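**Student:** For the record, the sequence lines run as chains B and X.
Here my numbering is used: the first residue of the first sequence is 525, the next is one more, and so on.
Here my numbering is used: the first residue of the second sequence is 6, the next is one more, and so on.
Derived by calculation from the structure, the hints in this document are not laboratory data.
Only true hints are included.
DSS-like mimics (lysine-lysine), calculated; alpha carbons at most 30 Å apart, straight line: (1) X:K194 with B:K961; (2) X:K111 with X:K194; (3) X:K76 with B:K961.
If you're wondering where the values come from, they're calculated on a predicted model, not measured in any experiment.
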Amino acid sequence: MARQGVLVEPYQRLKLGQVEQIHRASLAILTDPGVVCFNRNAAEIFGDHGAEVLSINQGAAACWLLKIPEKVITDAVQAAPKVVKLGARDENNCLILDGHEPRVHFVTGSETNIWLDVDFQAYVKKSDPNIEVMVPEFHRRRGTVLDLCQAAHLCEHLDTLDAFIRPVNIQDKDITGDNKDVNKFFASLNNTTKHVMAGLTNLKQLDNVVNMAKLIVGGEEQLKENPIISFITCLVKSPLQFVDDTTQTLIEICRRGLPLVVSSSPQAGTTAPIKEDGIMAQINAEVLAGITLSQLVNRGTPVLYGSVPVRARLDNLNDSYGAPESSQYNIDCVQMARFYKLPCYSTAGVCDTKTPGMQSAIERLLSDILVTLSGPQYLHCAYGLLDGNSTFCLLQAVLDDAHFQMIKFFLRQPRISQADIDDSLKQVREVVATPQKLYIRYIRPMLRSGQLSMPYPFEGDAETDNVLALAYDRMKQLLSQPVEHIDPATTSRVFQEIPGILPRLNVYEERREQ
Amino acid sequence: MSEDIIALLKENVIQGRKTKDDEGIDDNMTGTPGVVELTQLALEKKSSLDTIITQGLTAGMQVVGEKFATKEYFIPDMLASAEAVGAAMDILKPHLEALDMATRGKFIIATVKGDIHDIGKNIVAILLRGAGYEVNDLGIDVPTEGIVEVVREYKPDFLGLSALLTTTMVVMGEIIEGLKENGLRDKVKVLIGGAAVSNEYAQEIGADAYCVDGFHAIKIIDAFQEAKV
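Between the sequences and the hints, there should be enough to build the whole structure, so can you do that?
**Tutor:** Written as structure tokens, this is what we have:
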């Protein structure tokens, strides 16, 4: 039984003719100017499959210009699976992403450097010392592996959240390039039974990560059947460049047959044209080139069409995720993925503001609602993210969960049937005949059936706004609920057989010490 | 046996089941006796009126109020229970009158002249009946003279006035003046409510209290009644 997500009637921003125009423009880009490739293996693979490969001189590193014919692209798109399964430790949490069906699943995302702690301080009114209010204080610090455990723990208990992309960059002193990947995957897998996705920091760690997943799920075949992990590969540096190391990472992941996202994140105005048609033609070309490589390496590799387009802020040229254009680009990309019948990884909810509050709510809700309506199958919707994708805050994740409760409710299909209409007509006739003329008594049969939305959970009493304090209470309550860790025997094998996992992540050892 | 009926009566008040045709909250109780049937049964079994009211109806409403305060119950639950108790009180009324036992108090309620909005007024009336008060609802767009006349004849403990509009709230002050002119102002407590009015406005026109909603109204009139004793 997979998680159901929410099925939408997709909002179409582009007309079919415009989708086809962008598709043709992308194909034109892939032949002229083509893709600048800094990875020799990828250049050879494309060359072996009919692309024109020209050795070019761009700086010190060796690189090649790939001019990829339309047929190579269209064959690869055809070969890519249209349905991708993302497994989970609890199989009830697995996801079936069907490129034909606009069923949206909500996911965390990004890898933030900053962890935002929250504390509440009491302030007394100068003119009336009897009045005291609690005001949140935020403290920024670098994220750690135990923070990542806590993030996974909280996300396990957020009802609207369907899968977990590690949202925290672990920066402990004893985390190195050689042990980072095993620790981030173990910290995540051990604290959530939902699907876990992450990028790979060091290609040398790929097999350790895959072997860990095999141990947890019970073996190689079981991992194929139930891929509890998947990867994000940003092999493209916009505009139109295959980076050497992440391209090699993509190749190796494809050889192992595990699911991955091929993603690109151009910025309109700097690394992509500022006009909508321009950034769309380019990002679509970049993603198609990556997907093509995945299928040339291993035909049938489960792959998601990944898009993180964004507009440049004009005051500092940072990414402006809160700009309405960023949502427009994302919706366009969802339509392009649907055109190819490929499952889509999309982005929403990333905001420009630095702390939870009104600006954060406004910015993220605009894109949360609109991009969800467009129907991506796998939506990174920035649970807990602030300040673009540089800060993670548990309190914000709890607020996001409440937003998505409302969005999911709104997207329910209408329930109109003749039986319901007959029932309503009966009600109207009964009520109009009474002196009070109130329908309130008919609410009750629906009240606890889940058919009515509940009030915003962090509503304050009277005129006091206590949203953040109430959400903080909810956060503490969720963190006090247990999670189902990996069992002791498997944990023991993981620690024995997978090098580099920090002893403090072994929950059973910790308990013995206590 | 009669204890069982009273316990069931209390439970059905909590469940908000006026009659056997109503569903409960916890399980589908449709078909089992509701508050109306149980009140009649309690009378047949010679339970005292005091027991029926205090241990059955009032005790049930007290639990409902607690559940509402903790947000387990919502307004539709409160109203369903109050409606059930109101129906029980209608059954008990002739028996109370025969024994010369008073209700908790007499309440007249009306939406003032020029205003036809009555959702809030109707809810207040249902809740007050559920709280054991005898309520005479005069309806909407009621002329000032008519209200003064009913106060003279009916001799209520309380007069509740409702207005939604800023253009009609001034009528509340006119009614209070009318009561004064007819020597009735000190005979009745005047409570006002509605979206247009406030505590400050109540003080300005000389009303006895402003009620935010029906639950607040019950608290206020209970406090007035206790102060009498």
